[in-house]
Amino acid sequence: MIRLLKIEFKKLFSYKAFWVMLILYTVLQAIMIFGIPGLMDWIGEKSGDVSRFRIFKALVFNFPDIWQNIAYVASSRYFVKIILGIIAIIIITNEYHFLTIRSNIINGLGRGEFLAGKLEVLFVLSLFSTIILVLSGFYLGFMNSVSTTITHVFGKTVFLGGYLLELYSYLIFCLFLGILFKKTGVAFIAHFIYLIIEPILEFKLPDNIAPYLPLNGINNIVRSPNTSLMKIKIPGFNFDFQEAISFTDVAICIVWASLFIAFSWIILKKRNL
Amino acid sequence: MEKVLSINNLNKRYGKIHAVNNLSFEIEKGAIFGILGPNGSGKTTTLGIILSVISADNGAFSWFGKPPSKENRKRIGAILEHPIFYPYLSAERNLQIICDIKGVSYSEIESVLKTVELIHRKDSKFKTFSYGMKQRLAIAAALLGHPEVLIFDEPTNGLDPKGISEIRELILRIAKDGTTIMLASHLLDEVQKTCSHVLVLKNGKKLFDGKVGEVLASSDVLEIAAEENEILQNVLSGFDGIIEMKAEGGLLLAKFNDTVLPFDVNKYCISKGLVLTHLSIRKRSLEKQFLELLSHSE
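Quick note, the sequences are listed as chains A and B, same order. Here the first sequence is numbered in this note's numbering, starting from 1 and rising by one per residue. Here the second sequence is numbered in this note's numbering, starting from 1001 and rising by one per residue.
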């Protein structure tokens, strides 16, 4: 396992595009999470109504809800995680472009090992993103939270696990696109087209099928943000915001991720290099 | 002799093109085995199949008497078509990746880079290399881990005459250590100069498979006949300067030292009281022979 990871990171070691994108991602994710409270302070100052935004901040970044809220923002499928998706596509399409997948196999790497190496890199990337999320969560939480007891601080951290699984599954989906289309540009376009197509499909299909669509399936573990305010029931607006992670959602996500791995494996095994 | 590679009734079609047509052959340990054929004759496809990057439609092959596996591939060093490396990585890092895949110590990198005279460029990115340097790096990569078999596909393609002769020397030097070598080429001259065995391919079919000396004998042969060929054979075996003889049809094909003229042979036979009924020189131009071999298969 370590051997495959070592091989993969050696490939990326002096690959500038990879590091540029990774830094860009880190910066954007930090801006996104840290920028929201800053933006609120700014709006508050401009509008002269500082206290209202303070309350809002205290709600959103309150332990333990903060974990669910930042996981929700960071896991948005149309947001910064696309950069990681692009990295996932590039690390596989490059191997086709340079034909290095071929020389890897000739030199004695098994096709299964090749796929496993890529999956390991993607897991490390997902873990990296989750760690940034954890760090920013601690910072914002301690800055804005009223209560910092252990039960509060570590409550709802299960949403971080949910985030990790969602992100990892999404990157596996991108890897699959890369293997399927081989060309970086084609895989990118397919990715963005599908990002647009699925909501349309969802609209056309019956409601009970929609959650099972691939991108929904791998993006539905953290469904919504939640704050103590959202738990208050207002007459006429009887909507339950997500409180906990549902086992079904996790199962759907795992099934899709496994299917993408299986499809990738079949293509790798069958296709000439 | 120990068999390094056995191929059995291998077939591969690309649509209408039968790229590899019922191909069978074996390679013995220590051979320098040439695969000779014009462009598009199925050489690279065959190599792709035995290196597990192309799947055959049917047929089988085995390395070292075992079915294909990644462990077998680690015992083989190969260059298929163009040199393939990560362009943005240095020569050394590219070789490190291969060491990691093969499970070979990094300490070998320096010696293989010295062998191909690239040690001074080990920190340069692969994309900055000239074609000849890329080709040499590919050879260095193939040498990592002291492979038991080395496979070269058109190793001198795109090289200048100096580079060509350097690579040929290198191949011969490696072969001296007992490494089995497979060399695919469309150049007759290249195969003749380096190989001990040759397989001639055309349209994916095997035309000939055997020792280079048999198919590409370089010296001329005398066709000789007398009333009684057995007596003739006895008499000629006493002739100073004869290399080999064999009967073919009603003729005796004999090879002599370069200094021997047909005149000498005739004179010798007459002195032994034998009158020849036939004596002629069979010209064995290499190119002609190769082309003949290829055209006869139609």
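Check before you lean on any hint, since a few could be wrong.
Straight-line C-alpha distance at most 30 Å; calculated DSSO-like pairs for lysine-lysine [unchecked claim]:
#1 B:Lys1205 / B:Lys1074
#2 B:Lys1134 / A:Lys16
#3 B:Lys1176 / B:Lys1255
#4 A:Lys6 / B:Lys1122
Hints listed in this document are in silico derivations from the structure and should not be mistaken for laboratory results. These figures come from a predicted structure and were not determined experimentally.
Q: Please name the hints from earlier in the document that this structure breaks, with their numbers sorted from lowest to highest.
A: none
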